[in-house]
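Participant: Listed below are the residues making up each chain.
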Amino acid sequence: MGFREKNAWFCLVSILVVFVPYFYFSFQYPMEHISVFLITVVGLILLLAGFHAINAIATNSNRESGAAINPDELDKLIELGAAKWAGVVLAATVLIWCWFAMLSVPIDEISSTVNPPSIAGTMNELGFTISPVQGLFWVNLLFAGFVVSNLIYYGKIIVSYRGISNG
Amino acid sequence: MDKIVIHNRIRELRFQAGEMTQQSLAERVGITRQTVIALEKGKYYPSLELAFQIARAFAIPLDEVFQIVDTPGKK
Chain A
9 MGFREKNAWF CLVSILVVFV PYFYFSFQYP MEHISVFLIT VVGLILLLAG FHAINAIATN
69 SNRESGAAIN PDELDKLIEL GAAKWAGVVL AATVLIWCWF AMLSVPIDEI SSTVNPPSIA
129 GTMNELGFTI SPVQGLFWVN LLFAGFVVSN LIYYGKIIVS YRGISNG
Chain C
343 MDKIVIHNRI RELRFQAGEM TQQSLAERVG ITRQTVIALE KGKYYPSLEL AFQIARAFAI
403 PLDEVFQIVD TPGKK
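As you go down the protein sequences, you meet chains A and C in turn.
First residue of the first sequence? That's 9 in my numbering, and the numbers climb one at a time after it.
First residue of the second sequence? That's 343 in my numbering, and the numbers climb one at a time after it.
I should point out that these hints are in silico values taken from the structure, not numbers from a laboratory.
Computed cross-link-like contacts, DSBU-like style, restricted to lysine-lysine with a CA-CA straight-line distance of at most 35 Å:
#1 A:Lys14 / A:Lys84
#2 A:Lys14 / C:Lys383
#3 A:Lys164 / A:Lys14
#4 C:Lys385 / A:Lys164
#5 C:Lys383 / A:Lys164
#6 C:Lys385 / A:Lys14
#7 C:Lys345 / A:Lys164
#8 A:Lys92 / C:Lys383
#9 A:Lys84 / C:Lys385
#10 A:Lys92 / A:Lys164
#11 C:Lys345 / C:Lys383
#12 A:Lys84 / C:Lys345
#13 C:Lys383 / A:Lys84
#14 A:Lys14 / A:Lys92
#15 C:Lys345 / C:Lys385
#16 A:Lys164 / A:Lys84
#17 A:Lys92 / C:Lys345
#18 C:Lys385 / A:Lys92
Let's have the full structure, built from the sequences with the hints guiding it.
Facilitator: Shown next as C-alpha cells:
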C-alpha cells in the first residue's frame with residue numbers, strides 16, 4: 009500500500025472518528041455547538057498531525073536517499089477523479105439544501121400578512137421566525153454535506169488504488 | 343470505430359534488464375511503484391512523456407515497449 013492510499017485511509021477514518029460523534033452531539037445538544045465544534049476541530053488536527061509525524065519518522069530513510077517522490081501523473085489523475093465525485097456530491101447537497109430552505113419559507117403567510125415591498129425586511133416583520141435550534145440544525149445539515157463530500161473524496165481515492173492493486 | 347488497446351512489455355523488459363524491480367524502475371522514471379503496477383496490468387496508459395521515459399530507462403525505442411493492439415469494438 010502506497011503512501012497516498014495510506015493517507016487517504018487515515019483521513020477517511022479520522023473524519024469518521026471525529027465527525028460521527030460531532031453530528032451525534034450537535035443534533036442531540038444543538039446549543040452546545042461551539043464547544044463541540046472546537047473539540048472536533050482540535051481532535052481532527054491532532055489526529056492528522058500525529059499521523060503525519062509518525063509517517064515522517066517512518067519514511068525518514070527514504071527521504072534521505074531521495075526515494076520519496078512527488079505525486080506522479082496517475083496519482084494526480086486519481087485525485088482529480090475523486091475531486092470530481094466530491095464536487096458533484098457537494099454541489100448536489102448545496103442545491104438540495106437551498107431548495108429545501110426556499111420551500112421552508114411560508115410564502116402564503118407572508119403575502120397575506122405583509123405588503124410586497126416589506127419582504128426585504130427582517131424575519132420577524134415577515135410573520136415567522138427561525139429558532140436557534142432550527143437554525144443550527146439547518147447549518148449542521150449543510151456542514152454534513154461538506155463532510156460527506158470529503159468522505160466521498162477519500163473513499164474514491166481508496167477505491168481507485170484498490171482497483172489498481174487487486175484488478 | 344475500433345477500440346485501441348495499448349499493450350506493453352514493461353514486465354518482460356524488467357526481467358530482461360537484470361531482474362529490475364518495480365521500485366527501481368519507478369525511481370528511474372520518477373513515478374510510484376503503484377503506477378508501475380498499473381502500467382504492467384494495463385490499467386493505465388501513460389502520457390507520451392512518461393512512455394518515452396520508460397523506453398529510455400530500458401534504452402530501447404518506444405515502439406518496442408508499447409504496441410497498439412486493434413480490437414473490434416462497437417460500430
